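Chain residues, written in single-letter form:
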Amino acid sequence: MDRLSNNPDYELLEEDIGTEDEAVYVASQWRLIWWKFRRHRLAVASGIVLLIIYTLAIFCEFISPYDPTARNVMLTHAPPQRLRFVDSEGNFSLRPFVYGYKREIDPNTLRRTYSIDTSQKYPIYFLHRGTPYKFWGVWETDLHLFGVQDGYVHLLGTDRLGRDMLSRILYGARISTSIGLVGVALSFVLGVIIGGFSGYFGGWFDSIVQRLIEILRSIPTIPLWMGLSAALPPHWPQVRVYFGITIILSLIGWTQLARVVRSRFLSLRDEDFVTAARLCGASRFRIVVRHMVPSFLSYIIASITLAIPSMILGETSLSFLGLGLQAPAISWGVLLQEAQNVRTIALSPWLLLPGVMVFITVLAFNFFGDGLRDAADPYAR
Amino acid sequence: MKRESVLLEVKDLVKHFPIRKGFLKRVVGQVKAVDGVSFTIGEGEVLGLVGESGCGKTTVGRCILRAIDPTSGQLVFYSNNGLVDLAALSEDQLRPLRAEMQMIFQDPYSSLNPRMTTKDIIAEPLVCIAGMKKKEAEERVAELMRLVGLRPEYMRRYPHAFSGGQRQRIGIARALALNPRLIVCDESVSALDVSIQAQILNLLQDLQEQLHLTYLFISHDLSVVEHISDRVAVMYVGKLVEVADTEELYSQPRHPYTERLLAAVPVADPKVKRGRHQLKGEVADPANPPPGCLFHPRCSYAQDICAAKQPELQNVGKDGKEHFVACHFARELELQGVQAG
Ligand SMILES: Nc1ncnc2c1ncn2[C@@H]1O[C@H](COP(=O)(O)OP(=O)(O)OP(=O)(O)O)[C@@H](O)[C@H]1O
Ligand SMILES: [Mg+2]
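Chains as they are written, first to last, in the working numbering: chain W, 1 to 381; chain X, 1001 to 1341.
One chain only, chain W, in its complex shape (with noise of 0.2 angstroms):
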């Protein structure tokens, strides 16, 4: 053993082990998937989109200044305020405030018309106790992030019956964001189990699979996406409405990690360090776990991020013909429904914000999931 130590091969490798930062040499697999992930600005700042579009879904409650089905009938299509630091005298505060309306009606068209009321100024106040809600249907509370103490702040206007749209948009993001995650995850079961003995195993099993998986793709996914969800009862309640749109979009959803996780297995089967792993004694079990799954689990992970986008669209759509959710649950897809004539476009455009939700959703999804995509091999020679 000490005649091996001291040979020149052990020098040699002192010398050219030892230049380079430490730092890369012992880092994991996540490590280097950040590093190389960091690197793609563009993929960081959807992150920090998708971050923050999902904390606003998860404190919805929290974070609306109102009860999403509350009505203010004098302030129908309301446009919306502003919100101001300086007002119209030119005196700046520190507390930002909105000017209320002066509402008019047409007496040919019988149109309303808002004009901004410099006399009526409402500041508002933040941690404010507004009207009670249950947080997550369990603390009861008043707490709202901000509010107004009296008059009203709608900061991306009202709807036909006067319902505060900024409250209804991030109510309608907790469904419509989750529903991509609910079915992304069940999706995720189904395809990595199905897909994981389907590599794993091969033989007829793998065969019927990989069959059905082709008819199931080859079925165009909205149609097939209408057709069942007409077939939902119509008295279902909403929550199982919404459990049942999730099992529709997964149906599709699943095919596709499936193929991923198979063709993952299929490779990985054959690679000289899982055979290596089999020669050291491992167990099905352990070359399944520790060494298979860790090898693909970043290019899981990135499909599944790309593969959110399309729930997404898919609950919208579905909602916006009319066959997925309906009021009044508040989705995205639902509030675009409600906002479907051409004389909302022209008068009261703010109520396509939602699809703008959608759209900066979707896309961060996708420069998102693009990134990781990138990222997944550190390895990649």
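It cannot be assumed that every hint is accurate.
[Stated by the list, open to error] Listed next, with one range per pair, are the computed distances between beta-carbon atoms:
id, chain 1, residue 1, chain 2, residue 2, range
1, X, 1080, W, 216, 49 to 59 angstroms
2, W, 58, X, 1093, 26 to 36 angstroms
3, X, 1283, W, 205, 45 to 55 angstroms
4, X, 1093, W, 360, 38 to 48 angstroms
5, X, 1093, W, 44, 46 to 56 angstroms
6, W, 210, X, 1297, 50 to 60 angstroms
7, W, 58, X, 1134, 46 to 56 angstroms
8, W, 297, X, 1134, 16 to 26 angstroms
Hints are computed from structural coordinates only; laboratory data are not their basis. Note that the coordinates shown come from a computational prediction; the quantities given were computed from them, not determined experimentally. Cβ atoms here follow ideal geometry from the backbone N, Cα and C, with glycine treated the same way.
Knowing the structure of chain W, use the given hints to seat chain X with the ligands on it.
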């Protein structure tokens, strides 16, 4: 020193890969990757296994270690706990035996899991077979790393921190972890730079002498095999065509295929005349082998009988030496070898 006692006896090893086609994956033929191979390896011996690409060398090595399941045949292994037929054991029965037989792979990149630290890679057999605890395993890993010429301080590094040659040392350390007796080296130096090849080859040779290891050394590089092997087996399309002591096989080959292989070896010294018989023609298709002697379509000495009858592997050695050849004209032909050097 060699052939004191037998360690492994391969008897009539066969491995056919089914060719499947179509929707129902029906079997439409068989790739006869290994088709009736028999040989023995003595304790402490290095047996070289050579042949062109695709002739089944890797398949033999993997069957012996049961990385793949042989179609038929026996693999009699003289283990520490007595005689076993490796081919007949289940995966669970094999596990304890895996301590005694290991593999050193060709590709130092794909054979190490990039997501595990060097320590975890080398400790894999310690944990899986010997059931060692972390602390215990770590000490052994450090010892092994020193043994193969790596600094134990680097055990927390991932494989990406190392060069090809260093990675191969990690692979060697892993193979040595539980003091194996038999090691299958499948092209273990072929993927490395020429300068590194010599280092790793010397390491393998040192370890073999020091730890009294037995190697099945698979390579298509005849000069590497000549350097390290006591005996050499030549394989062609799933069958052995010649087995003899290294020196004898290189200087007096008895099979036309061996002669051609030797003649095709590039020589550094231009004054030495070699390469009269270049290796021409395609290797026969193992899914559809020719009748008679598998080599006859490429053999310049072929006669009628070669296309009709398959020659058996027979001992033609003189003075009590063993020299097995599968050729109808093994005793008649005067073939040219190379000077040992
Ligand atoms: N898993 C497999 N399925 C089908 N055929 C296979 C499989 N593995 C090997 N073969 C075939 O078996 C034959 C022998 O392959 P093998 O890898 O043993 O050759 P080899 O002598 O090691 O070649 P090389 O020098 O290229 O490594 C080849 O024709 C190959 O195509
Ligand atoms: Mg090979």
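Problem - Violated hints - listed by number, lowest first - result: 2, 3, 4, 6, 7
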